[in-house]
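Protein chains in written order, with my numbering: chain A, 1 to 288; chain B, 289 to 576.
Derived from the structure by calculation, the hints contain no laboratory data.
The model shown is predicted, which means the values in this text are computed figures rather than measured ones.
If a hint is listed, it holds; no wrong ones were tucked in.
Straight-line distance between alpha carbons at most 27 Å, and here's what the computed DSSO-like set of lysine-lysine pairs gives:
#, chain 1, residue 1, chain 2, residue 2
1, A, K209, B, K554
2, A, K247, B, K511
3, A, K250, B, K544
4, B, K509, A, K251
5, A, K200, A, K181
6, A, K245, B, K509
7, B, K535, A, K256
8, B, K544, A, K245
9, A, K247, B, K544
10, A, K256, B, K509
11, B, K534, A, K223
12, A, K266, B, K497
13, B, K554, A, K247
14, A, K246, B, K509
Cβ-to-Cβ under 10 Å is the rule here; a few derived chain B residues that face chain A:
#, residue
15, D519
16, N540
17, Y541
18, F545
19, L548
20, Y549
21, K550
22, H551
23, K554
Quick reminder that beta carbons are idealized off the backbone N, C-alpha and C, glycines included.
Number of protein chains: 2
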Amino acid sequence: MKMNILVTVDSNYLHPLTVMLKSLFMNNPNEQFSIYLVQSSIPDQQLELLDAFISGEGHEFHNIPIDDQLFSDAPTLMHYTKTMYYRLLAHKFLPQHLDRILYLDPDILVINRIRELYELDLEGYLFAAADHRTMPIKEINKIRFNPFDLEAYYNSGVLLMNLPLLRETIDEKEIFDFVEKYHSKLIMPDQDIMNALYSKKIKGIDEVKYNYDARYYNIYKLKSSGLFDMDYVMNHTVILHFCGKKKPWKKNYSGKFHSLYKHYEKITNDAVAALEGAKMGAASEKAN
Amino acid sequence: MKMNILVTVDSNYLHPLTVMLKSLFMNNPNEQFSIYLVQSSIPDQQLELLDAFISGEGHEFHNIPIDDQLFSDAPTLMHYTKTMYYRLLAHKFLPQHLDRILYLDPDILVINRIRELYELDLEGYLFAAADHRTMPIKEINKIRFNPFDLEAYYNSGVLLMNLPLLRETIDEKEIFDFVEKYHSKLIMPDQDIMNALYSKKIKGIDEVKYNYDARYYNIYKLKSSGLFDMDYVMNHTVILHFCGKKKPWKKNYSGKFHSLYKHYEKITNDAVAALEGAKMGAASEKAN
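Okay, chain A solo, but in the shape it has when bound (with noise of 0.2 Å):
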């Protein structure tokens, strides 16, 4: 059964986007994907490049476009743009036909089998996600949201969605009330909407097998005893985020899991450089 994919991303992100699925695609063979993609601003050339690379590794690409017109009600903060709201409302724009999607964000490797999570029983939940309880920031987050009651705040970027439930609960509105409300306390605005607005309806899952924060291997390594060293994660870690500021496709990153990274950034940059190839190969033949 073919797995769908949601990632909502602008032109920036394109790049990294393309490992997060290279590794998606290499390390889950024998498996078809669906990769929705849910956007208001990639040109067309960015576009067909990315459908010809997902098209060229067997699986198949949807294009969602986003008439911004629609988030016209919807209130903006700082530098963020309305493409903070795609995550939480596409369930407005995918195929009603959908009743799963697996979100994923782009700054992340894949690498591991990924079917165990997509087929995870969602029972009565809005979705599933880690929450980054390994980490001090767990505590910092609970405090800003101290009104909320939250039990637990969880990382949006592995996001596994109810989309039948979510489409009877999620009131755009309500989202938007919430934003304009709280615009001073946001930090990082679509996850601390969710952890705010649903908290109580998201489903645990394990952060170490699902949401390694690539940031934090010493103390995963450390308050497990030693037990999550770099065996047991590229054994058991399915999903490694490259969370926070530094990102590994930047200058001066350095962390554990960097050489591993640049080498599926590697693979990735040849296999779209010979579509790329192929692409003005076709065209100076069309010229001549």
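Use these hints to put chain B onto chain A, whose structure you have.
Chain B alone, transformed into the frame defined by chain A:
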């Protein structure tokens, strides 16, 4: 055209050998390899599994068992066994029709295309090998082998062999006499022999590209004024060599390429486990 690869390991190194081969196969798609294993002590069952692994990946396996009686005149050295001669005398055991072969140590990851190295013009040299000139060990080895007037000290872990010339030139008696005479000075026996006796007949190749010492990321980067960063290595380095006593398949290893190695090790283990599972399935079917 098929590429010939030479390996000489005992049972203790079969595991890293399979990881090395898997990385070679994965990063050289559309290539055909013939793997020649020169050995004397590996049990048949392990050889069958290695054969199944290599065949399953679409390549050829040739076992070249050595009768150690052939080395009855050869001196042994401390804890080294006579297997130390297999690499330098491999041309005696390999099929006569082969005209070149690339020897690879098992503590290697091949992360890019290897054909350019394989097709290097050997111009009358016996071997092509990398001089580890970035590292201070070179000076030590030059002093140690002062009587031989070495211009360079080559690493024997990656060795392209000119087989017709080796058959004409290399005299096993010269090697045995050398070992008798200098046994107290030999630290890495086959590498020392190669350098002392044949240094001037070795064509130097770029160590960063073809024999990158995985311990020294920071030194390579520093000495190149930042040029050899992780992007450069992933784009240009073909052979990552995990030199030294600490090996990435052992506990408590750490280093810049740890996650990359462990990821390949995991993929390799999965492939081997699938073969073992299939074999057990076949055996139990046969029993029924």
